[in-house]
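Following the hints, complete the assembly by docking chains Z, B and W onto the known chain A.
Residue numbers (this note's numbering), protein chains in the order written: chain A, 1 to 332; chain Z, 333 to 664; chain B, 665 to 996; chain W, 997 to 1328.
By construction, these hints were calculated from the structure, which means they are not laboratory data.
Be aware that a few hints might be false.
[As the list claims (entries may be wrong)] Dumping the calculated DSBU-like pairs for lysine-lysine here, alpha-carbon to alpha-carbon at most 35 Å:
#, chain 1, residue 1, chain 2, residue 2
1, B, Lys743, Z, Lys616
2, B, Lys743, Z, Lys601
3, Z, Lys475, W, Lys1280
4, W, Lys1265, A, Lys79
5, A, Lys284, A, Lys273
6, W, Lys1075, A, Lys79
7, B, Lys743, Z, Lys605
8, B, Lys807, A, Lys284
9, W, Lys1280, A, Lys79
10, Z, Lys601, W, Lys1280
11, A, Lys284, A, Lys143
12, B, Lys948, A, Lys284
13, A, Lys269, W, Lys1075
14, Z, Lys411, B, Lys933
15, Z, Lys605, B, Lys937
[As the list claims (entries may be wrong)] Stretch-level coverage of chain A by chain B, calculated; a stretch enters the list once three of its residues show a Cβ under 8 Å from a Cβ in chain B:
#, stretch
16, 154 to 164
17, 212 to 226
18, 261 to 272
19, 307 to 320
Even for Gly, the Cβ is constructed at its ideal location relative to N, Cα and C.
Read off the chains here:
Protein chains: 4
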Amino acid sequence: MSNKMWGGRFGAEPDAVMEEINASIDFDRALYAQDIAASKAHAEMLARQAIISGEDAAGIARGLDTILSEIEGGTFSFKRSLEDIHTHIEARLAELIGPAAGRLHTARSRNDQVATDLKLWVRDAVDRIDAALAAYQHALAQKALDHAATVMPGLTHLQTAQPVTFGHHLLAYVEMAARDRGRFADARARLNECPLGAAALAGTSFPIDRDITASALGFDRPAANSLDAVADRDFVLEALAAAAITAVHLSRFAEEIVVFTSPLVGLLKLSDKFTTGSSIMPQKRNPDAAELVRAKTGRIIGALDALLVVMKGLPLAYQKDRSRRSRCRSQP
Amino acid sequence: MSNKMWGGRFGAEPDAVMEEINASIDFDRALYAQDIAASKAHAEMLARQAIISGEDAAGIARGLDTILSEIEGGTFSFKRSLEDIHTHIEARLAELIGPAAGRLHTARSRNDQVATDLKLWVRDAVDRIDAALAAYQHALAQKALDHAATVMPGLTHLQTAQPVTFGHHLLAYVEMAARDRGRFADARARLNECPLGAAALAGTSFPIDRDITASALGFDRPAANSLDAVADRDFVLEALAAAAITAVHLSRFAEEIVVFTSPLVGLLKLSDKFTTGSSIMPQKRNPDAAELVRAKTGRIIGALDALLVVMKGLPLAYQKDRSRRSRCRSQP
Amino acid sequence: MSNKMWGGRFGAEPDAVMEEINASIDFDRALYAQDIAASKAHAEMLARQAIISGEDAAGIARGLDTILSEIEGGTFSFKRSLEDIHTHIEARLAELIGPAAGRLHTARSRNDQVATDLKLWVRDAVDRIDAALAAYQHALAQKALDHAATVMPGLTHLQTAQPVTFGHHLLAYVEMAARDRGRFADARARLNECPLGAAALAGTSFPIDRDITASALGFDRPAANSLDAVADRDFVLEALAAAAITAVHLSRFAEEIVVFTSPLVGLLKLSDKFTTGSSIMPQKRNPDAAELVRAKTGRIIGALDALLVVMKGLPLAYQKDRSRRSRCRSQP
Amino acid sequence: MSNKMWGGRFGAEPDAVMEEINASIDFDRALYAQDIAASKAHAEMLARQAIISGEDAAGIARGLDTILSEIEGGTFSFKRSLEDIHTHIEARLAELIGPAAGRLHTARSRNDQVATDLKLWVRDAVDRIDAALAAYQHALAQKALDHAATVMPGLTHLQTAQPVTFGHHLLAYVEMAARDRGRFADARARLNECPLGAAALAGTSFPIDRDITASALGFDRPAANSLDAVADRDFVLEALAAAAITAVHLSRFAEEIVVFTSPLVGLLKLSDKFTTGSSIMPQKRNPDAAELVRAKTGRIIGALDALLVVMKGLPLAYQKDRSRRSRCRSQP
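One chain only, chain A, in its complex shape (with noise of 0.2 Å):
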């Protein structure tokens, strides 16, 4: 008999395929993180509710970090049988605590407890990419300010039309990234309401509290309609509408840079550590860097797009499309 969650009422073993197909291990291994830290908070209120005893938190937050060390130091086991990233941490925490392991499930479904990590793994992901956006911002006024006198020719339509200067030209970009920043702020501000308690699209009856484990994990206070928290992927959708812009932006840039180190041009010289050459002619310093973020632009247009083409016309309350196994390993 197999190690299936939901087997028993099932007369027949799922297909081979199947199980290739609904496996998404390979996919949401990326959320364990968030996947801890939830769970860790959701047993830790359990306790505070008594829905379970202390000794089981404990043991729960226990096991769970070391199931953190052990992914971490790479030792941990993942096998395609065992469906996902949360059967994974379920399965080894038993083997790890026994029976309280099963605890830690309790007024919970998978349908808030994934939502509510992927808004964990989202908010971290904004995160990162607001701190280097603000090194990009950094480096640029840098530039600008070395070259605030630095005359060039201001382009239209890559006709020259009047002098500006070099620094007045990197700082649109600063402009620019100030409004991708603003996007993901305001991205993040909107996604910060907790899922947890939704359990699987109705609430559950066991005393939680919610602010508790909303508080827990930084989310400003708990979403207010619980079809609303398991449903919607909204805020993907927004946080990946901003990186589409951002990677727009950027993609403006690298098409500066590359027309601009173009011998034919002339303007800008790249340095060696930014370029490639080429094995039989040696003339050459090949903008690969610039053309490579150029080329990303397609790769998270493409990941948005995916994204909507999924949603569209989704109803209620859950489907496995909602799963990160239908989507590119971009995202997680």
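Relative to chain A, chains Z, B and W alone:
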């Protein structure tokens, strides 16, 4: 000799094909009201700064008001050879008030003029959308109140999961719409910096006052960088992204209506006012309105995609790619 | 009482908003010629099969010819309340020839009528595109001949790599266009099966002859499955995909024109006939035509994307999503 | 000093970040089999043309065979610093057979090598897809036969319209799959021209025989234009477009399965082998497999979109944008 603004130095007349694809009047006439409002504010500022006379400014304002009523009254004459809405308005203004018309464009370029018109148009569109979404929320909330106790199956994977109420179900969409309005509000705030004064790309040496025009047109401040001010259209991308997410939300509700009102399901019945029938099958009550809402999602996602493609890899500061002629009619 | 074809059984009048969004006449009037041609073929087949009288068929044909010249002459009267091009034509036909007009629609449904019109329209569009691409290839090849020996830098990463000739460079685009034409030709062959006779979705019991209408309209054969015949729009997707790839090819050539004619590069000079100038900067020769070609890529990719989104997850056999009203004006 | 192929003339070492984003080995290792096959054909042609010795060619072939089994056996060592699959294979070949390894790349460039590998990979993928679609058609047709007389409601707008049979319904999908296979077959024929011999972009002066390598690798002929041969990726776009349309077809069938197997509808029942259950709701039979198929549509449409964006506006003949590093893992 043609009526072109720039023909003097050119040896040959523009090719007829060139004229055909360069004309944007079919597309940008939608901007007439914003263009007139912005021109009036610009003329008034020019007069206050003693760059043109008060008399000229007054004549320009009166002329523009006349043009506004001619366009709204349907008596304004549009012709392909006049390229776009701006040349149309300027040509008519010259007919109405003589040479003073030419002074309107002092200290201004098509680049900052168009960027400003477009921002005003998008801002007005966002306001209309917000009002519509608020009304939608209100209607949903009203019905939710009526059905606060109407039990219905809560579904996951379109399988009956746990009971919820129809009211609770509708409130999920109220939450989604709240986030949609939030995105539009954030986009509106972010776009609210006035490009006027950036001129072609590098400002102007005329003693203009950018705060006067910004304030007169309801902007929070003048845009900081002249290249960015004329070059970026990310405010359109952001509004389109908000629209795409909103459309996806509406498509989910529409899908539910189509499924739940199907005689195969029979959970809901739609009013005759929003269905259509069939000439040969009298049993038919087709949920056309819902299907159209669901389908519009495609058009909006396509518009977002189109503009992302256009903007990718475009150097500063202006290209014809940015013009309305290259875009779908659903955008100005 | 309204003029609705299906109103009889309904208690309430359609809501004004419903009428507004249901009307597709703004969009599908582009199909008038195909609709008339297909109706004439259908009427003639009905007469040959003795389903209607020869007299009726002749009257219908004459009436349709009259309507064709009215539309082409600009004297045909379009009104929103008549929903779409089909009801318009039928209403006018009734005015012209009386009750016989009603017999045109015998053994036919809007579903197979529309699918057929759309295939005819796409087929005609593909023929126009193929002719244009052939002319484009010819022009390129002619210029390639002239420049068979004109040495120019061959570029990779916009870095000078190895010398080639301008003629050889242009022939690359001739090759791409050849493959584009191949894709359109394959799409044309694949769509060339006639939907007529599928009726709403399950055929008709009238003794029609599907081969007669298929042949009369230049199709290779009747479509094999009635549900597929009315349900699928993949022939539009395939044509749009061919168009998107063609547009990408053209955008590459356009990009080269913009870069190579830039005074920063100075490799090519563009005729005055395809550039525009600037009122205040006489040195400007803006490659607007090339920029517009490059930008149109966005619109076409957006149209392909939009229809893919609309078709995703649509069950058989017909929904209003498929109607022209839900799509961008650039499509019929 | 690094192991870079082109470092000699450069003053500074590549930046670590540069190395990170330039490495494509994570992505292009999927091409190993095609790369090895193409290299073997190239070496053999070089020997037949007396450009390298028969001894060298034999040693190269043996070495490549060894590498093939090392990679397939999982013993091959991959490292980031070796950039991509090609440098990996060349480095290992040198370890195995000494200086003769360097002669493999005679009269060849990364540009034509990569274009060839990619064509071979796509061709193999198309063959696999065709076989899968044929099996799918067969399974549908088999079931259609079983249900040739099973009456079911034919639906339009998900409203019951006219009776059809389940067999007739399934055959609609057989028709769609036939067209999908046609598109893939056309794409396969169109891509079947060999880039080898185009070298970097302008051919090579070595006395190679392009027909030998083209024929050895199953191509119909060598590609006609060297710039086009290395520059275009429209064969990938065409295959992705065929995949997107196929995915849309499958998503429609998937949607029907989800709706028809819903207990709200109860038209079909899905085998346990393709559903999943729920730990707390034993009534659940979730049509996960169908939902995943429907959702994959998003990923494939996103991949098509991404590559269209990347290719838009790219001049000839090669940029890093084209490299696998810039694309989603679902593509080679």
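### Task
Return the numbers of the hints above that this structure violates; sort them in rising order.
Violated: hints 15 and 17.
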